[in-house]
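From just these sequences and the hints, can you work out the full model?
Note that the protein sequences, when read in sequence, are chains A and B. To convert, note that position 53 of the first sequence is 515 in our numbering; the numbers rise steadily by one, no gaps. To convert, note that position 15 of the second sequence is 90 in our numbering; the numbers rise steadily by one, no gaps.
These aren't lab readings, by the way, just hints derived from the structure by calculation. Everything numeric in this text was worked out from a predicted model, so none of it was measured. There's no promise every hint is true.
[To be verified] Reference excerpt, derived from the structure (chain A facing chain B, CB under 7 Å, subset only):
no., residue
1, VAL479
2, GLU480
3, CYS481
4, ALA493
5, VAL496
6, ALA502
7, TRP503
8, VAL573
9, HIS575
[To be verified] Pair by pair, the computed Cβ-Cβ distance ranges are:
no., chain 1, residue 1, chain 2, residue 2, range
10, B, ALA117, A, ARG498, 18 to 24 Å
11, A, ASP537, B, THR169, 22 to 28 Å
12, B, ALA106, A, ARG542, 45 to 51 Å
13, A, HIS525, B, GLU175, 19 to 25 Å
14, B, GLU168, A, LEU536, 22 to 28 Å
15, A, PRO564, B, LEU173, 18 to 24 Å
16, A, ARG542, B, THR169, 21 to 27 Å
17, A, LEU536, B, THR79, 16 to 22 Å
Where a beta carbon is used, it is the ideal one built from N, C-alpha and C, also for glycine.
Below, each chain spelled out in residue letters.
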Amino acid sequence: MIESETPAAANDDELVVECELPQAPDKVWRALTVPRLVAAWLLPNTMGEPRRGERFELDGSRHGLSERIACELLDAEPRRRLSYSWREADDTRSVVTFELTPSGAGTRLRVTHGAPLRQTLMAANGNAPPMMRAA
Amino acid sequence: MNETEIFKALADPTRRAVFERLAAGEMNATALREGLPISQPALSQHLSVLREAGLVAERREGRHVNYRVAPDGLKPLQAWLGRYRAFWPERIETLKQLLEEMDP
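Structure representation (structure tokens):
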């Protein structure tokens, strides 16, 4: 969390969740990309094919988020990496990235949600991503 | 002040540099401008944008004005983080359950 006394603004502003899953990357990939499955664990959605440039919406209302979260697939590398932009009703723009790594018979999953400020600052400065983590 | 204004204010590299200097502590415009390749009017303009976004506060001391990072300046960003800090771990727990139930 960013403390207002020491606003290292660009350093501490992304959320990362990592976990080990017993299922293989192929199965995890399906859970991340098949619309019906995504609706079951993430949010109701209008997802189509997991293709770069594909646009869809998520309905975040059930979890206190925007009813319409506009997304565009930025990267879709089957069983490895999925990344999409995430724009809320107030025009707050961020990016969510899922990274899958084989781990034994299972999968190591890393979810990164970069806070909007970070995206803006990186775009403005072309900086490498900061390494501090918020979670 | 909202998130979008904050992002716009900090999207400019010079304003971001000014903001980061102020993060080190309160200072006046002369100290703030030292080493920055901008004119006094340009700095004033940048400070005005930062102030309107709620990121910077000013304090008058006689003839001088001191600038500092506004205590609540990054609150919207903190609110954003707060929103998603609980969201993702909960969603991932649900994902784990779903994976258990999915066909092979």
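Structure-based check of each hint:
1. VAL479: holds (5 Å)
2. GLU480: violated (9 Å)
3. CYS481: holds (6 Å)
4. ALA493: holds (6 Å)
5. VAL496: violated (9 Å)
6. ALA502: Holds, because the Cβ-Cβ distance from A:ALA502 to chain B comes to roughly 5 Å (cut-off 7 Å).
7. TRP503: Holds - the Cβ of A:TRP503 comes within 7 Å of chain B, reaching about 4 Å at its closest.
8. VAL573: holds (6 Å)
9. HIS575: With a minimum Cβ separation of about 6 Å from chain B (threshold 7 Å), the hint on A:HIS575 holds.
10. B:ALA117 to A:ARG498: 18 to 24 Å: Once the Cβ atoms are compared, 54 Å apart, the range 18 to 24 Å for A:ARG498 and B:ALA117 is violated.
11. A:ASP537 to B:THR169: 22 to 28 Å: holds (24 Å)
12. B:ALA106 to A:ARG542: 45 to 51 Å: holds (49 Å)
13. A:HIS525 to B:GLU175: 19 to 25 Å: Between A:HIS525 and B:GLU175, where Cβ atoms are some 22 Å apart, the hint holds.
14. B:GLU168 to A:LEU536: 22 to 28 Å: Holds - the Cβ-Cβ distance for B:GLU168 and A:LEU536, about 26 Å, lies within 22 to 28 Å.
15. A:PRO564 to B:LEU173: 18 to 24 Å: holds (20 Å)
16. A:ARG542 to B:THR169: 21 to 27 Å: Holds, at about 22 Å.
17. A:LEU536 to B:THR79: 16 to 22 Å: holds (21 Å)
Comparing the model with each numbered hint stated earlier shows that hints 2, 5 and 10 do not hold.
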